[in-house]
Amino acid sequence: MSDTKTVGGGGTKLLLARFRLFFILILLMAVLSVVSPRFLSLENLSNVLWSVCIIGIMCSGFIYSPITGGIDLSVGSMVALAGIIANVLMNIVHMPMLPALLLTLVFGLLVGLVNGVVTTKFRVPPFIVTMAAKTYLFGIAMFVSNGDTITIMGPKDFLSIGVGKFLGLPIPIYIMVVMIIASHILLKHTVFGRRAIAVGANEVSAKLSGVNPDSTRILAYVISSGTATVAGIVMASLTQQAYAPNAAGYEFDVITAVVIGGTSLLGGSGSVAGALIGAVMVGFINNGLNLMNMPASFHPLVTGIVILIALILNQGFTLPAWMKPKKRAAGGQA
Amino acid sequence: MPIATLRRMILIGLLLAIGAVLSFLNPSFLKLDNLMTLLQEASQTGIVAIGFTLVLITAGIDMSIGAVIAVTAMVCVNFLSYTPIPAFLFIPLSLLTGCLVGLFNGYFITHFKLPEFIVTLASRGILAGIALIIAVKDSDGFVSNVYIQDPVYLSFGGTVGPVYIVTIVFIVLAFLTQFFLKRTRAGTNIYATGANPAAARLSGINTDRSIYGVYMFSGFCASLAAIFISARMMTAMPEFGLGSEMDVIASVVIGGTPFTGGVGDIWGTVIGTLFLALIKNGILKLGISPYVQPIAIGGIIVVVVMFDVWYKAFAEGIAKRSAYRRKQSGEAAAAVAAEADAVAGGDGKGERS
Amino acid sequence: QSVYKIGYLPSTLGQAATKAWGVGIDNALKAAGNIPLQSVDAMMKAETQVSMMDDFINQGFDFIILQPIDAAALTASVKKAESKGIPVITLNTDTLAPHFACVSMDDYGAGYKVGEAMAKQIGGKGNVAIIQSPPGAIAGVDREKGFRAAIAKIPAIKIVGAQNAEWNKDKALALMNAFLQANKQLDGVFAVNDNMAEGAAIAAEAAGRLKDVKIWGFNGQLSTLLQIEQGKVAGTAYTNAYEQGATAARMALDVLRSGTKTFAKTQVITVPPFMATIENVGQIPANIRW
Amino acid sequence: MSEKALADSPVALLECRRINKSYNGPMVLSEVDFSMKRGEIHALVGENGAGKSTLIKIVTGVTNRNSGEMLFEGRPIGIEHSKTAAQVLGIAVIYQELSLIHGMSVAQNLFLTREPRLPGLPFIDIGKMNSLAQELIDRYGFTLKATDVIDSLSIAQRQTVEILKALNSKASLVIMDEPTSSLTSTESAQLFGIIKRLKEDGIGVLYISHRMEEVYALSDRVTVLRDGRKVAVLEKAEIHPEEIIRLMIGRKLDDRDSVHTMRKSDREVVLEVKGLSSEGKFSGIDFQLHAGEILGIGGLVGSGRTELVRALYGIDPHDSGSVEYLGKPWEPGVAGSIRGGFGFIPEERRLQGIMGLISMTGNIGITNIDVIRKMGFVSDRKELDLARKAIGLLNIKPADPSVLVGNLSGGNQQKIVVGKWLIRDLKLLIVDEPTVGIDIGAKEEMYQTFARLAEAGVSIILVSSDLPELTRISHRILVLRKGRIIKEFSEGQVTEEDVLKASSGILPGGAK
Ligand SMILES: Nc1ncnc2c1ncn2[C@@H]1O[C@H](COP(=O)(O)OP(=O)(O)OP(=O)(O)O)[C@@H](O)[C@H]1O
Ligand SMILES: Nc1ncnc2c1ncn2[C@@H]1O[C@H](COP(=O)(O)OP(=O)(O)OP(=O)(O)O)[C@@H](O)[C@H]1O
Ligand SMILES: [Mg+2]
Ligand SMILES: [Mg+2]
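Protein chains in written order, with this note's numbering: chain A, 84 to 417; chain B, 22 to 374; chain C, 2 to 291; chain D, 14 to 525.
Check each hint, because a few of them may be wrong.
As the list claims (entries may be wrong) - Label pairs and their in silico Cβ distance ranges:
1. Gly86(C) - Asp171(B): 24 to 34 Å
2. Val193(B) - Pro129(D): 24 to 34 Å
3. Val193(B) - Pro39(D): 50 to 60 Å
What the hints assert, rightly or not - Cut-off 30 Å, straight-line C-alpha distance, at most; resulting in silico cross-link-like pairs (DSSO-like, lysine-lysine):
4. Lys158(D) - Lys341(B)
5. Lys333(B) - Lys495(D)
6. Lys306(B) - Lys80(C)
7. Lys204(A) - Lys306(B)
8. Lys209(D) - Lys456(D)
9. Lys154(C) - Lys52(B)
10. Lys52(B) - Lys204(A)
11. Lys212(D) - Lys50(D)
For the record, the hints were derived by calculation from the structure and aren't laboratory data. Don't be surprised by glycine CBs; every beta carbon is placed ideally from N, CA and C.
Put together the whole structure using the sequences plus the hints.
Have a look at this one:
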């Protein structure tokens with residue numbers, strides 16, 4: 084095996100892990116296609132990707148927060164807030180679409196900047212900073228929208244982002260794929276990617292090697308918030324709605340996807356492709372349960388169990404002690 | 022120690038100040054009824070927060086507490102609806118629910134070495150599902166929330182004098198847990214497990230046992246809170262407690278237990294819980310837009326922790342500098358003497374400063 | 002005349018219906034002499050709503066208009082309020098303890114009517130699916146029960162699926178996709194609120210099957226009425242939420258002025274629903290669209 | 014049975030036979046036999062990665078052996094004995110990695126899992142614990158307070174706590190894995206006294222060290238490991254320095270003497286420091302550094318050496334004073350320093366030097382990101398080349414660049430920390446205790462590397478507590494005391510003793 088793939092946090096083990104994940108995905112698909120004959124239809128798979136795209140887009144940027152050893156719990160609220168702000172700019176301030184969306188994005192980036200600065204410069208743990216941000220961004224979303232469930236009526240171009248199709252596939256899927264690929268390149272092949280991994284692996288060591296841990300981290304949160312904003316815009320256009328409690332709890336779905344994908348919450352390693360597989364896996368499970376018309380009560384149960392199994396399989400299967408074959412005592416000669 | 026104490030004093034001071042402002046702005050704040058319901062609210066969160074503090078001390082996290090509340094409530098309702106078992110018998114049994122969940126969490130965390138966050142998140146999902154599945158159904162198969170009328174069960178929502186029982190239980194539990202942490206070997210082991218698990222293991226501590234212990238205790242506390250919540254509301258819903266994780270985490274963190282493990286105690290958590298409950302009550306009392314509440318709570322958490330970090334650095338700086346000065350003047354002389362002895366035939370003169 | 006302290010405590014302030022009730026109440030109170038209204042948002046959590054009830058009681062409100070998140074969960078609070086001499090009107094969901102009054106929308110009856118109307122639209126036969134609310138949400142459950150009762154009368158109509166979309170538009174969208182995949186023939190979908198119906202319509206439109214599927218919502222909010230006019234949503238059970246709120250407010254003022262404090266039986270006022278479809282939606286004038 | 018009788022009994026204290034071990038890969042230990050007696054000081058020596066730490070981890074049950082037999086006091090030890098077995102059996106260990114609990118007091122650490130309890134109750138008696146701890150500290154003559162929190166202690170003090178912790182258990186075997194690597198000579202001397210006392214009490218001491226002087230002076234017997242195999246067991250009479258080193262590394266080393274001549278450089282000044290001060294750390298530091306010069310910085314632990322070089326490298330800010338680099342004013346800052354040709358090897362390897370979960374390639378690449386980058390992108394091929402170069406240069410084992418650094422032996426980790434700088438174009442290299450935990454062969458290699466670098470014109474600032482090292486390879490020595498330069502040795506002959514005296518404030522009359 085060539086060494087070239089193993090640089091920067093790789094290692095042969097991780098490479099194997101990545102393949103393993105892929106096999107788990109195939110396994111899951113096989114199971115689902117047996118359970119529900121409709122599952123493997125092209126149309127259904129495209130529908131699943133469509134329903135996964137919000138989470139997928141969020142994952143592409145979110146992943147940098149765990150890689151640098153932090154976490155960004157505010158992304159769910161940011162998605163909702165982005166939709167509300169975009170709507171205010173387009174339909175209340177009556178800005179043209181493009182500037183309005185750009186301005187929304189700028190706002191998202193600023194939120195990330197605040198998260199990043201507070202964690203790095205003021206040394207507040209990221210879990211707390213972003214949990215607080217999750218809370219106050221939700222508050223701001225409620226405040227701005229006056230708590231309303233807003234139905235977005237226009238502009239036409241905006242609405243077609245979410246439901247429009249290109250070559251038979253919904254546009255959000257393209258957005259997701261592009262962002263995932265960009266993020267993959269960013270992580271694996273750029274200086275920033277290397278720095279993010281280094282900061283997550285050992286901040287002091289990274290610092291002594293000339294990496295500025297603070298600016299690396301800040302950038303990680305900016306990217307995370309930025310992609311959440313994009314996800315929010317896509318979601319608003321997809322559902323033609325802006326509502327503060329929308330996407331509440333999505334941060335947990337994103338974390339789940341990313342962790343299934345082999346990213347360590349302790350920092351220093353991560354895989355964007357893995358995160359996408361993780362997101363698709365969760366999407367498949369939900370879709371499969373829907374196709375089977377499984378009662379709603381069983382969804383969280385099944386999802387939770389499948390997640391645990393996937394994690395255990397992905398990590399390299401360890402048999403519990405009581406299941407292991409009993410070994411004879413030392414070396415046989417005792 | 023003084024660092025933590027002073028921080029606590031400041032927080033208590035702040036608590037009193039906010040209380041004073043509130044009672045000035047809204048006379049109904051100081052009414053006994055209001056204070057007691059405030060304490061009741063705080064105690065419900067607080068009981069869960071006590072368990073959560075132990076988890077945080079081991080540098081873990083427990084996202085399943087909300088779902089444990091839901092499942093425990095459902096277990097109780099099942100006992101009430103389908104069995105003749107009296108409340109004083111099935112309540113202890115239902116407290117086992119949380120312990121079992123803790124066992125489950127502990128198993129996956131210690132055996133498979135999966136991250137605590139993701140394990141407890143997964144069990145949160147699983148439990149939320151179980152809560153729905155075991156929820157009491159009407160004849161058409163739809164979930165229906167039982168109206169509890171069992172007097173023994175409902176007495177848990179009652180008061181002794183003006184004080185709610187939940188508050189008394191909270192205070193007693195806080196005392197016991199604090200004593201356990203500081204005065205038993207198991208307590209010390211929990212701190213060691215959080216501060217440096219590798220070193221703890223090398224010192225002969227069974228860190229897995231500590232981890233099992235804290236998650237089971239955390240589950241137990243959540244189950245306990247579930248009894249009080251459902252007794253107060255005279256019903257149990259399968260979505261009880263879901264989402265309350267954030268309040269619990271906020272209380273513990275405001276109380277001064279960090280995420281890094283190895284540090285923290287129960288009194289901090291008690292104060293943190295009171296603080297959060299006071300803020301919530303205050304916002305309601307002042308008739309501020311309800312949407313300001315999340316903004317304010319989020320803001321306060323950041324400010325408190327920011328202050329914490331700044332203050333810790335500040336106090337440590339002072340301590341270090343004074344230690345350095347002491348060292349420069351006093352201990353240096355001793356070191357000189359020692360080194361002079363070690364160096365055979367030293368002919369120089371010892372320096373005194 | 003003393004100024005009354007009246008509180009409005011809906012499940013959340015964020016939905017078109019809860020908002021419209023609030024406006025209805027407020028307008029009626031203003032008309033009766035600028036009586037202020039305080040409203041708080043329980044954000045769909047029963048525990049929060051209970052503690053807000055406690056707070057209203059402690060603050061000594063004179064009257065509480067409550068839209069209970071759960072019938073059982075709020076019963077204790079309603080009891081407590083009335084025992085302290087604060088009369089309560091419940092909106093939409095009755096509680097188990099007797100109290101002053103309940104102004105209700107008759108979820109079951111309206112759900113039944115939706116079933117009948119949809120059956121007629123699809124010609125009395127075919128496959129239909131239900132987009133549910135979270136388990137245990139009494140309003141959603143009653144609507145579904147009514148709908149199922151109506152459909153049960155027509156053996157040629159089969160219910161091919163029922164899934165929970167948690168009142169959410171985006172979840173309803175993904176769910177509708179699955180329904181469309183799983184059933185090559187799908188003739189009707191009943192979403193137990195308008196929000197989810199709109200989500201289902203987006204999915205059906207994207208799949209090019211909007212013409213074949215009759216999607217019904219419930220509530221009759223502004224945006225859905227618009228979609229009915231555009232032919233995207235087939236119909237909804239409209240209620241005049243303004244009027245519902247105003248009724249509650251007027252009853253509140255009456256009882257406050259009369260000074261009665263104890264009630265042996267809950268007075269139930271039912272506001273009749275209106276089955277809005279593309280044919281008759283024009284009959285709903287703009288000033289009562291919410 | 015009396016202690017004397019015990020010591021003479023024929024049953025060995027610890028007996029290991031044909032121990033095999035591999036961590037999912039090559040054999041780390043193969044067919045290793047090891048045996049030690051009561052009341053014996055037994056040294057275990059070998060190159061970095063020879064398997065010393067692994068062997069003791071197997072003895073204490075931290076790691077499982079693949080096969081082999083182990084007897085402690087004549088009783089067999091199972092293959093998967095529990096992690097606490099070492100304590101049950103009566104083995105006390107000072108591990109290579111410090112294993113104290115931060116946030117706890119000295120007393121709490123000393124009594125961890127053995128806290129004295131109130132009579133008849135399961136509750137800890139804190140007062141008794143503190144007084145017992147203080148007694149123990151005083152008995153061995155250390156200057157520590159039982160109630161001090163670990164975090165406030167220096168590394169050397171922490172190491173003494175570690176030693177006390179081992180002494181506090183009633184063990185019949187004490188294992189020490191490089192206990193002196195971060196001790197000063199005073200504390201080391203104290204430790205040797207303690208070791209001798211243990212021996213008199215009939216307790217066996219298994220001692221691992223890379224400091225050969227200690228091995229010669231202390232041990233009754235020496236077991237030499239090489240590449241995971243036992244190559245020799247030497248009795249007291251057979252212990253000869255050259256012999257051990259030959260057995261360890263398979264060749265002879267040059268003789269070293271303890272008197273060295275300092276030499277002034279007349280080449281151009283690379284770095285000029287004027288009046289550099291940082292409150293509470295150091296003050297009024299003035300010196301010049303010439304091209305190709307190795308400037309040693311000596312001093313006692315805590316004299317501010319680390320702080321000074323950190324400030325020069327730009328990690329910590331300074332309050333006043335100025336720095337000139339290559340004749341121009343210079344504002345220290347890490348990124349700028351690296352760009353300007355600085356290299357920095359930090360003091361605490363595991364905390365500051367390596368990224369354990371990342372491959373060697375990744376570790377080396379991040380430091381040299383400027384070399385392998387191109388417009389924000391990095392070249393994997395160049396990165397791998399760099400890694401190969403470093404591995405070759407310092408003979409890092411194993412030579413697979415994809416191995417995670419955390420899985421290397423202590424010494425090889427240190428080689429990564431050093432190696433990632435050596436492959437750069439350096440002008441000035443700052444090294445802080447570079448050879449801690451490095452075996453004697455590798456140490457020599459490293460000295461030669463430094464000498465080569467200096468010859469090529471690279472200036473080196475060397476902070477070291479290892480006096481032989483400091484005096485032997487420095488061209489000039491500055492001695493720091495309480496944050497001030499108290500003495501400069503720039504010409505004439507210097508002995509280790511001279512430096513030590515200067516560090517302690519006893520200024521020798523000779524040099525300067
Ligand atoms: N956890 C581990 N996983 C994989 N390999 C390991 C692990 N620990 C040690 N090794 C390998 O085992 C070998 C022996 O390591 P060990 O730590 O025993 O060496 P040592 O003799 O103590 O060296 P040093 O003097 O450098 O401390 C090394 O090659 C090392 O890379
Ligand atoms: N800001 C400060 N305030 C108080 N004391 C300090 C401060 N900085 C350093 N010290 C003390 O002075 C000592 C200087 O530490 P430093 O690590 O620089 O010493 P050193 O000479 O490098 O010794 P070592 O051999 O430990 O590296 C520290 O041990 C610490 O006790
Ligand atoms: Mg070692
Ligand atoms: Mg130092």
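Could you tell me which of the hints above the structure violates, numbers in ascending order?
-> When the structure is compared with the hints, numbers 7, 9 and 10 turn out to be violated.
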